[in-house]
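Okay, here's what each chain looks like letter by letter:
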Amino acid sequence: MTWLADLRSSALVGTGRHAVPAPPAELELRPPDGLSREELLLDQAALADVVTRAARRPGIVDPARLPDAAPPDDAPPASAEAVRLLDLLLNQPPVGPELRTQLVTDWLQFAAASGRRVPHRLLPGLLDLADTRPAVAEHVDPAIGTRGRWLQGLRQKGAGPKGPAPKGSGPHPATTIDWAELGTADATAELERLRHTDPAAARDRLHAHWDTLSARERAAHLGAFAINIEPADEDLLENALDDKAKSVRDVAADLLDRLPGSARANRMAARLKPLLRTKGLLRKQFEIDLPPDPDAIALRDGIAPAPRTGEPDRLGRLDTIIRGAPLDVWTTVADRSTAATVAMLDGEPRVLDTIIATAALRADDEWVRALLDIRTDSRLLGCLPAAEREHALLRHIRSGTAQPMALVPLLRDLPRPWGAPLATAVLELVTAKNGGQLATMLSGFLPMALPPDTADQCRRLLQRSDDGAPGRRVFRDVVQYQSFRQSLTEAFQ
Amino acid sequence: MSFMGRWSEERVISAAPDASSLAAARKLAHPGPWSDTGSNDVLVWGKCQGSGKTPYQVSVDIAAPAYRCSCPSRKFPCKHALALLLLWARGEMADGGSETADFAEEWAAQRADRAAARERRQSEPQADPAAQAKRLADRLTLMDAGIADFARWLTDLVRTGLAAAHNQPYSWWDGVAGRLVDAQLPGLAEQVRAMGSDVHARADWADHLLSRTGRWWAMTKAWTRRDELTPTEFADLRVAVGWAVASAEVQSTEALPGPWLVLGAHRSDDGRLQQQRTWLRGPDGTVVVVLDFAAQGEALATPQLAGALLDVTLARYPGSPPQRAMFTSPIAPRGLAASLGEGCSIAQALEMESAAVALSPWRERHPVLFAGVRVCPGGPGWLRDGSGDAVPLVGAPVDSLLAITGSHPVHVFGELEDGSVRPLSVVVDGAVMTP
Chain A
1 MTWLADLRSS ALVGTGRHAV PAPPAELELR PPDGLSREEL LLDQAALADV
51 VTRAARRPGI VDPARLPDAA PPDDAPPASA EAVRLLDLLL NQPPVGPELR
101 TQLVTDWLQF AAASGRRVPH RLLPGLLDLA DTRPAVAEHV DPAIGTRGRW
151 LQGLRQKGAG PKGPAPKGSG PHPATTIDWA ELGTADATAE LERLRHTDPA
201 AARDRLHAHW DTLSARERAA HLGAFAINIE PADEDLLENA LDDKAKSVRD
251 VAADLLDRLP GSARANRMAA RLKPLLRTKG LLRKQFEIDL PPDPDAIALR
301 DGIAPAPRTG EPDRLGRLDT IIRGAPLDVW TTVADRSTAA TVAMLDGEPR
351 VLDTIIATAA LRADDEWVRA LLDIRTDSRL LGCLPAAERE HALLRHIRSG
401 TAQPMALVPL LRDLPRPWGA PLATAVLELV TAKNGGQLAT MLSGFLPMAL
451 PPDTADQCRR LLQRSDDGAP GRRVFRDVVQ YQSFRQSLTE AFQ
Chain B
1 MSFMGRWSEE RVISAAPDAS SLAAARKLAH PGPWSDTGSN DVLVWGKCQG
51 SGKTPYQVSV DIAAPAYRCS CPSRKFPCKH ALALLLLWAR GEMADGGSET
101 ADFAEEWAAQ RADRAAARER RQSEPQADPA AQAKRLADRL TLMDAGIADF
151 ARWLTDLVRT GLAAAHNQPY SWWDGVAGRL VDAQLPGLAE QVRAMGSDVH
201 ARADWADHLL SRTGRWWAMT KAWTRRDELT PTEFADLRVA VGWAVASAEV
251 QSTEALPGPW LVLGAHRSDD GRLQQQRTWL RGPDGTVVVV LDFAAQGEAL
301 ATPQLAGALL DVTLARYPGS PPQRAMFTSP IAPRGLAASL GEGCSIAQAL
351 EMESAAVALS PWRERHPVLF AGVRVCPGGP GWLRDGSGDA VPLVGAPVDS
401 LLAITGSHPV HVFGELEDGS VRPLSVVVDG AVMTP
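These protein sequences, in sequence, are chains A and B. So the first sequence is residues 1 to 493, counted in our numbering. So the second sequence is residues 1 to 435, counted in our numbering.
Mixed in with the good hints there might be a few duds.
Here are the simulated distance ranges between beta carbons [unchecked claim]: (1) A:Glu-28 / B:Asp-18: 56 to 64 Å; (2) A:Ala-304 / B:Ala-19: 22 to 30 Å; (3) B:Asp-198 / A:Ala-19: 25 to 33 Å; (4) A:Ala-19 / B:Leu-273: 56 to 64 Å; (5) A:Gln-156 / B:Thr-54: 36 to 44 Å; (6) A:Ala-55 / B:Asp-198: 16 to 24 Å; (7) A:Ala-64 / B:Leu-140: 56 to 64 Å; (8) B:Asp-311 / A:Pro-32: 35 to 43 Å; (9) B:Arg-152 / A:Asp-33: 18 to 26 Å.
Partner residues are not named here, just some residues of chain B that face chain A (Cβ under 8 Å, in silico) [unchecked claim]: (10) Ala-206; (11) Gly-378; (12) Pro-397.
By construction, these hints were calculated from the structure, which means they are not laboratory data. All values derive from a computational prediction rather than experimental measurement. Even glycine gets a Cβ: it sits at the ideal position worked out from N, Cα and C.
With the rest of the complex left out, here is chain B (with noise of 0.2 Å):
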C-alpha cells in the first residue's frame, strides 16, 4: 500500500476512535491553531497549538495508517491527528512545501527501523534450524500437556454434569481458559471463555454446552491423533486450537491475481480484541477470507467496501476453503460491481453447510449468498426465499435491513453460523449495500 491518494472525508471519520475525539477534531479543524503544515505521498504533519506554550507535533502515515502526536491524549487517533487530516481531506491545509517537517522526518525514520528490526527478528530463527526445531518440539510438549488436561477436565464436567458446570461463577470458566493459554492452546482458550458467560446469557445452555463438549472432545482426539491427518485437515485444527500461522509463512507462497470481490465484511470488538473479517471473491470463484485484529484502543485496517473490486494479489493461509488469506499487494480499488453473482436457495446453503462441516468439523462459519431472499421482521428476523424456507437472522439490524429491501426479494450474502445468518451486504437496484 505505497500511494493512497487524499483521504476523503468519510475515510478521515471512519479512523475516529469515537464520536466525542471526532466533534472535538471538527473543532480544531479550521487553520487557525496550525502551523508548519505539509504533506507527501505518506505522510502529513503539522503542529497545533494548544493550550500549553509547545504545539504539539502532529504526524500520520496514510499509507499504514498510523499516528503519533506530542500531546498526552490516550485516543488513537487523537483529535489533533483528526482534525489535521480534516484540514488535509478537505484541502484547506497550508502546504509548507515538499520539505518534510524533522519531527515527522524522524518519526517515519523510528517507524521504518522498528519494521525492519522487526523483520529481522522474523528471519533470524530460520538462520537457526536446530534452535527452531527445539523451540517447535518444546511447543508441542506444552501443547501435549494442555490437550491432555483438558481432555481430563472435560471427563470431569461430564462426571459431575453439565447442570453443576451451569452453576459455577465466571472465573471457574476463566480459570480453566487460563490454563490453556499458558499451553499455548489460545483458541481454545477463547471458547471455554466465551462459554462461561454463554451458559449464563443463552436460553438453550444446555444444548450449546453439550455439542461444544463434544466439538471439544473431538477436538482433544483429533490432537492426539494428528499424524493421521492430512496437512490440510491440521491446518483446520491448528486455527481451532489458536496455533497462528506466522504471515511471514504464507507472504511469499503464492501470489493469486484478481480482480477479488469484496463480498461483505464484519467487525467485531470482544473488549480486548478488534477483529475484521473481510470476505472476497476471486475471478475463478475462490472464496477467501481476509482477518485484522488490532487491540483495543488501535486503528483496525481500513475495511473495504462490499461490492468494491479490488486490483490486489492474495496469498491464502493453508486449510481448507473458504481459507483465509493476505494481500500480498498494494490494494487497487478498481470500481464497484452491480451484483454479487448468482446465489443459492436457503436449502442449497444449508446442504453446503452440512458439506462443509462434514469436510472441516471445527469451522463454525460459513459464507453464503442467497440468492431472491425476503426480509421477515420478528424477535431475531428472518430471511425467507421464494419456496417458502427461512433461516433466522443473528446480530442484524433488522430495521435497516427491512428499510434497504422493503421486504422485496434481494440477494444477501452473509455468515451461516450455528443455524443462523449474520447479513453482511446486500444487493439492491444494482448496488451492494451494506446493512
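Here chain A stands alone, though its shape is the one from the complex (with noise of 0.2 Å):
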C-alpha cells in the first residue's frame, strides 16, 4: 500500500520535482534499464491500475444501515388496468399538473375503498410526488400497502434528523424546545399552531413571556390570536392597549373589534349611540353625526388624535367607532329588525362597507344574511356555512351584480362536486364574452368542482369553441378529467 501511496504522491506533484518508487518486491517487477523517470513512473501506473482491478475485495455494509427485509403485503395489487392508469399518471401524465395531482389523489381513494394497492414498482414515483403535493401524500396510506410504509420508513432515515419532519405523526419538534429560544418568525407560527389547537395554552405562553419579548414580537406574536380569538382573551388584550408601541396597541384595538361582548365595545356603543338618530317621516333613515374630537380614553381605544396639521379625519374616526362598537347598537336605534335597519342603511355606502367589513370579521351570521340581501360581498360570502354558501353564490351570479373575479376563492373553497345550477351558472360565466380571464382563474379547480354530468355539456362547449376561444383550455381540462375518473371507476370496479 506504501508503493501505491508513494506512486500516488510522485505522480501529483509530477517526476520533475519528486522521485519515482521503485516496484514492490514482492510482484518480482525488474523495471528495463535505461528508462526515463516518466515512462518508470507511467509503466508502474499501469500496472498498478491492472493491480488494483484485479484484486478488488467485497465491501462490507455497516450493519445499522441493513434494513429489515419489508413484511408480506396483505392486499391484493390494483387491477392491471388500474396500474396502467396509474402509471400513465405518474410517468406520462396526460394532464396538466393539478388535475394530475386530483386523479393520482382520486386513484388512492378508488384504491383504498376497494382495499387494493399500489404495486411495488411504482412506490417511488407515487412517494417522489407526494412530497410535493401535500393532497398526494395525505391520501397515500392505507393505498401504498406494507411495502409502501415500509418504503416511506427507510426514505426518512434515510432523509436523516436534517431531512423533513414527517407531516402528521409524532409531536412537531418546536414543542421540545424552548418557546423563547426561536426566531421571532418560528416563535409566531408555533404560537400560531398552538392557537389552532389550543387557544388557551397559546394565551398562558405569550402571556409569561410579555415581559421580555421585544415591541416587534408583541406585535407579531398577538397577531396569531386573529386564530380562534374568545372572550378569554379580552384581558390581554385589553392590557395591550396600555402598551408602549403603537404597533401592539394596534393589533389589540383590531382584534378587540372582533370581540363585540368587550369593554372597548361597550365604550364604542357609548360613543356610537349619540351619533346616531332616526330621521324622515317613516324614520326609515339614519342621520349620523361625526364623532367629537377623541378624549384619553377614546384615544386609548384607537382612535386617531387630532393630526398636527391640516383636518382630522372625522370620518376616519367614525369608522373606528362602528368597527368597534356592537352591531346591535344599530337596531336598538332604529327600533326595527336587522334587515329592515339594514334596509336603511342603503343610501350609506361608506358606513354600510364598514358594517360590512365588520359583520365579516365577526362572522355575525344574522347580519351577514341581512346584508347579502343588499349588497353581495365575498366577505359576506365567505361567512356562511357551506352549504349555504353554494345556494347564495348562485343567487348572486345569477343576479349580475357581483364582480365574477371575486368569487373565484369562494368558488374554491365550496365543497365538490358543486350542484348543477351552481355549474351551469358558472359556465356560462365563463362562456360569455369576457369569460377567458375567469377561466384562467378557474382552471385549477373547475374540473373538480362541476358533477360528472355537466361532462357532456363541456364536450359540446370544446367542440363548438374555437382554438382561441376563452375557457376552451377548461372545457378540455374538464373533459379530459371526467372521462379519466371513468376510466379510473371502470378499472376498480
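With the hints as a guide, bring the two chains together.
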C-alpha cells in the first residue's frame, strides 16, 4: 500500500520534482534499464491499474444501515388496468399538474375503498409526488400497502435528522424545545399552530413571556390571536391597549373589534349611540353625526388623534367607532329588525361598507344574511356555512351584480362537486364574452368541482369553441378529468 | 425484422422523444383531423390537417422504425407521427384499404434506394483490393502518429504532475481529445474527454486519473507492439481505441441460433450520442452484448424486454468474451423467462472480474448475475449477499430497487464497473423486472 501511496504522490507532484518509487519486491518485477523517470512512473501506473482492478475485495455494509426486509403485503395489487392508469399519471401524465394531482388522489381513494394497493414498482414515483403535493401525501395511506409504508420508513430514515420531519406523525419538534429560544418568525408560527389546537395554552405562553419580548415580537405574536379569538382573550388585549408601542396597541385594537362583548366594544357603543338618530317621516333613514375630538380614553381605544396640521379625519374616526361597537347599537337606535335596519343604511355606502367589514370579521350570521340581501360581497359570502354559501353564490351570480373575479376564492372553497345549477351558472360566465380571464382563474379546480353530468355539456362546448376561444382549455380539462375518472371507476370495479 | 404486427400503445409511447411530444400527439389522436389513412405490413400512413391549408403527410415504417412527416417539427418522431401510431395502435384508424398512399409509397421507395446505395458503397471497396490496402496503410500511419503523440502527452502529464492537470480547464482536455479524433482514435478521445469532467466531478479524481493514465500508457505500448498480440487481443484493443469493425464484415461470419435470453439492457445519453447495450445469453451459456447507437434526436432501436426469450440469430464481433454481437435475422419474441439462471456470490463475481481484467485489461464492464442479494439503502446503495459481502451500486434507482425487492434476497443482473455494479434487471416472484 505504501508503494501505491508513493506512486500517487510522485504522480501528483510530477516526476520533475519527485522521485519515482521502485515497484514492490513481492511483485518480482524489475523494470528494464535505461527508462526515463516518466516511463518508469507510467509503467508502474499501468501495473497499479491492473493490480487494483484484479484485486478488488467485497465491501462491508454497516449493519446499522441494513434494513429489515419488508413484511408481506396483505392487500392484493390493483387491477392491471388500474395500474396502467396510475403508471400513466405518474410517468406520462396526459393532463396538467393540478388535474394530475387530483386524479392520483382519486386513484388512491378508489384503491383504498376497494382494498387494493399500489404495485411495488410504482411506489417510488408516487412517494416522490407525495413529497411535493400535500394532497397526494394525505391519501397515500392505506393504498401504498405494507411495502409502501416500509419504503416510507426507509426514506425518512435515509433523510436523516436533517431531513423534513414526517408530516402529522408525532409531536411537532418545536414543542419540545424552549419556545422563547425560537426566532421571531418561528415563534409566531409556533404560536399560530398552538392557537389552532389550544387557544388558552397559547394565551398562557404569550402572557408568561410578555415582559421579556421586544415591541416587534409582541406585535407579531399578538397577531396570532386572530386565530380562534375568544372572549377570554380580552384581558390580554385590553392590557395591550396600554402598550408602549403603537404597533402593539393597533394590533390589540384590531383584535378587540372582533369581540363585540368586550369592555372596549361597550365604550365604542357609548360613543356611537349619541351619533345616530333616525329621521324622515317614517323614520326610515339614519342621520349620522361625526364624532367629537377624542378624549384620553377614546385615544387609548384606538381613535385617531388630531393631526399636527390640517383637519382631523373625522370619517375615519367614525369608521373606527363603527368597527369597534356591537352591531346591535344600530338595531336598538332604529328599533327595527336587523333586515329593516340594514335597509335603512342603503343610502350610506361608506358606513355600510364598514358595517359589512365588521359583520364579516365577527362572522355575525344574522347581519351577514341581512347584508347579503342588499349587497354582494365576497367577505360576507365567505362567512356563510358551506351549504348555504353555494345557494348564496348562485343567487349572486344570477343577479349579475357580483364581480365574477371576486367569487373565485369562494368558488374554490365550496364543497365539491357543485350542484348542477351552480355548475351551469359558472359555465355560462366562463363562456360569456369576457370569460377568458375567469376561465384561467378557475382552471385549477373547475374540472374537479363540476358534477360528472356536466361532462357532456363541456364536450359540446369544447367542440363548438375555436382554438383561441376563452375557456377552451378549461372545457378540455373538464372533459379529460371526467373521462379519466370514468376510466378509474371502471378499472376499480 | 419484416413483419412486426400492430404496435401496442406502450410501444408507441416508448418511441416518443419527450413527454410534450406525446402530450401533443394525444390531442391529435382522434379521427377528426385525419384523412387518407391506411397501413400495410411495413407502413402506416395518413394526412393530418394542421393549422395550414395543406394537410401534413405522415408515413411511418414500423419495421425499421423510421418516420417521415411534412411538418416543420424538429422533434423526431413528431407529434403527427405519434398521433397516427396511437390511432393505429388503438385500432381507431380508418383503414383506406390496401392501396398505399402515393406519398408513403414514394418515401418508402426513396428509403429503399438509399439503403441500396449504402450497401453498394460498402461492398464497392472490396472490388479494389489495392485501394483498400492503401486506405488501411494510410489509416495505420495516422493512428501510429496519434498514438506516439498521445504517449508524449502522457509523459508530459506525469512530468508536470497530475495536480497541475487538475487545474486545467475543460478545453485543455478537449484539445487533446480533438487531436485523438483527428488521428482516428475516437475511443481514446472519448475517455480523455470524460476525464476532463471526471477530474472535477469525482472526489477520488487523483486515483482515477492515475489508474487511467496507467491504462492509457499500457494502450500506447500495446499498440506499438500490436504485431505480438493475438487476433482476439488486438480486437479488444481496436475497440478500446475506437476503431470500429464494420457490421458488414460481421454479418455473414456466423449465425448463432437462439433462443437468446435478454439479461438486461441499459440506455445512456451523453448529450451527443445515445447508446443502448443489450446483454443476451444463448442456450449454451454464451453471453454477448448488442450495441445500438443513435445520434441526438434520432430514435434508438426498440429496447428488448429483460427476461424475454428471443428467437433470433446472432453474429459476434471479434474480441474476447463476452463479445459484442449483432442480430442477423428478424427478432421473434418467444415468451418470458421466469428466472435468469443460477447466479453467483459477490466474492465469485469479483474473482471473475479479476480474471476478465487479466484476459482483457481494456474492458471496463463485466456482466454479472448475483444470486440471493439484498438491496441496502445508502448514498449509492449496496447489494449484500448471504455471506455478508457487499458491493456498491452505481447509477441505480435505489428507491425503485427497494420497492421492487422489499430488501428480500433476489437475483440481480448488472454490469460490474470500476468496483461498483449497475443493476439492470431483478428477478422477483418469478418475473424479470427492470428497476
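Here's how the hints hold up against the structure:
For the pair A:Glu-28 and B:Asp-18, the supplied restraint of 56 to 64 Å holds, since their beta-carbon distance comes to about 57 Å. Taken as a hint, the range 22 to 30 Å is violated for the pair A:Ala-304 and B:Ala-19, whose Cβ atoms sit roughly 59 Å apart. For B:Asp-198 and A:Ala-19, the hinted distance range of 25 to 33 Å is satisfied, since their beta carbons lie about 28 Å from each other. Here the CB-CB span from A:Ala-19 to B:Leu-273 is close to 43 Å, at odds with the stated 56 to 64 Å.
Hint check: A:Gln-156 to B:Thr-54, Cβ distance near 58 Å, so the stated range 36 to 44 Å is violated. Between A:Ala-55 and B:Asp-198 the beta carbons are some 22 Å apart, a value that agrees with the proposed interval 16 to 24 Å. For the pair A:Ala-64 and B:Leu-140, the supplied restraint of 56 to 64 Å holds, since their beta-carbon distance comes to about 58 Å. At about 54 Å, the CB distance of B:Asp-311 to A:Pro-32 disagrees with the hint of 35 to 43 Å.
Distance hint check for B:Arg-152 and A:Asp-33: the Cβ-Cβ separation is about 22 Å, which falls inside the suggested range of 18 to 26 Å. The criterion of a C-beta within 8 Å of any C-beta in chain A is met by B:Ala-206, whose closest approach is roughly 6 Å, and the hint holds. Among the interface hints, the one on B:Gly-378 holds; its C-beta lies about 6 Å from the nearest C-beta in chain A, closer than the 8 Å criterion. With a least beta-carbon distance of about 7 Å to chain A, the hint placing B:Pro-397 at the interface is held under the 8 Å criterion.
Hint compliance for this structure: hints 2, 4, 5 and 8 are not met, and every other hint is.
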